[in-house]
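S.K.: The primary structure of each chain is shown beneath.
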Amino acid sequence: NAGVTQTPKFQVLKTGQSMTLQCAQDMNHEYMSWYRQDPGMGLRLIHYSVGAGITDQGEVPNGYNVSRSTTEDFPLRLLSAAPSQTSVYFCASSPARAWGNQPQHFGDGTRLSIL
Amino acid sequence: AQKITQTQPGMFVQEKEAVTLDCTYDTSDPSYGLFWYKQPSSGEMIFLIYQGSYDQQNATEGRYSLNFQKARKSANLVISASQLGDSAMYFCAMREGGTNYGGATNKLIFGTGTLLAVQP
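If you read the protein sequences in the order shown, they are chains A and B.
Residues 1 to 115 in my numbering are what the first sequence lists, from first letter to last.
Residues 116 to 235 in my numbering are what the second sequence lists, from first letter to last.
Careful, some of the hints might be misleading.
[Stated by the list, open to error] Not the full set, but computed from the structure, chain B residues with beta-carbon under 10 Å of chain A:
| no. | residue |
| --- | --- |
| 1 | Phe162 |
| 2 | Tyr165 |
| 3 | Gly228 |
Hints in this document: simulated from the structure, not taken from any laboratory.
The structure displayed is predicted, hence computed values, not measured ones.
Backbone N, C-alpha and C define an ideal beta-carbon position, used for all residues, glycine too.
Extracted from the complex, chain A is given alone in its bound form:
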């Protein structure tokens, strides 16, 4: 009963390094998304996908790339890490066409520090 799995849980990078945060779900959900959580700012949407091969930008997409080649996986790529990207990153999934009280299911988060 894995749900949404994020790896790694913690990561420290140097400025300019690249990194891929992994997200996988086993619930056959079409919709997947990435959020970042910063102190005092709640969660903000980075990118989302409504199905394999389809992605779109959220509120704060700059500096991040995504792709969706399978229903299960939705990796988030930082091509050149910057200190401003130090944050906690959450991946979430749900059925694509939201209906009523279908909540998003969140992973446990990845805590990323960029020095």
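Fit chain B to the given chain A structure using the hints.
M.R.: Here is chain B on its own, set in the frame of chain A:
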């Protein structure tokens, strides 16, 4: 523009007492959904309760209830009989569309959260 406002950065409550966490929202879409999530110190996001914009009654889930005042655009979370394990950050979130008629994607807008501390 869509917006969620949580004006209480932090709150204290005595164990066994009730507490209300405030949430106001702004949207021009007549169809929307409101969610509350709990984030304990361990960091995971836990779904608590949902209210649809067309729901006639306030949502309840165990000790959680949602005081939904549509005209005032508020969706306050009420926790009855607080327990020490309720100490956490609480987030209000909104999804536009997708209530009785479906068709929305599940994009959420979050508030900044309220940190609740339950005192013994």
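S.K.: Each hint: holds or not?
M.R.: Structure-based check of each hint:
1. The beta carbon of Phe162 (chain B) comes within 4 Å of a beta carbon in chain A, closer than 10 Å, and the hint placing it at the interface holds.
2. Checking Tyr165 (chain B) against chain A: minimum C-beta separation of about 4 Å stays under 10 Å; hint holds.
3. For the restraint placing Gly228 (chain B) at the interface with chain A, the shortest Cβ-Cβ distance is roughly 6 Å, inside the 10 Å limit, so the hint holds.
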